[in-house]
Amino acid sequence: GFSGTPDGVFDSGFMETGATFTHTFTEAGTYPYFCMPHPWMRGTLLVVEE
900 GFSGTPDGVF
910 DSGFMETGAT
920 FTHTFTEAGT
930 YPYFCMPHPW
940 MRGTLLVVEE
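Add 899 to a position in the sequence shown, counting from 1, and you land on the number used in our numbering.
Since the hints were derived computationally from the structure, they do not count as laboratory data.
We put the CB at the ideal spot given by N, CA and C, even for glycine.
Take the hints with a grain of salt, since some may be wrong.
As the list claims (entries may be wrong) - Computed Cβ-Cβ distance ranges for the label pairs, DEER-style:
#1 E949 with G917: 26 to 32 angstroms
#2 T943 with F913: 17 to 23 angstroms
#3 E915 with V947: 26 to 32 angstroms
#4 L945 with S911: 15 to 21 angstroms
#5 G942 with G917: 18 to 24 angstroms
#6 T916 with E948: 30 to 36 angstroms
#7 E948 with F920: 32 to 38 angstroms
#8 R941 with T921: 18 to 24 angstroms
Please construct the entire structure, taking both the sequences and the accompanying hints into account.
Written out as structure tokens, the structure reads:
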């Protein structure tokens, strides 16, 4: 589920339309994310080892 509380795993900050954001994950796992100004915009990233 989504707690709605930032955990600091990754944060793009506020971004302009068309901007991109890159984050390198160092550990496999499941990472839920959401948009601070639009909390209904959310998803889950599944990071696996190569």
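Violating hint indices (sorted, rising): Violated hint (a single one): 7; every other hint is consistent with the structure.
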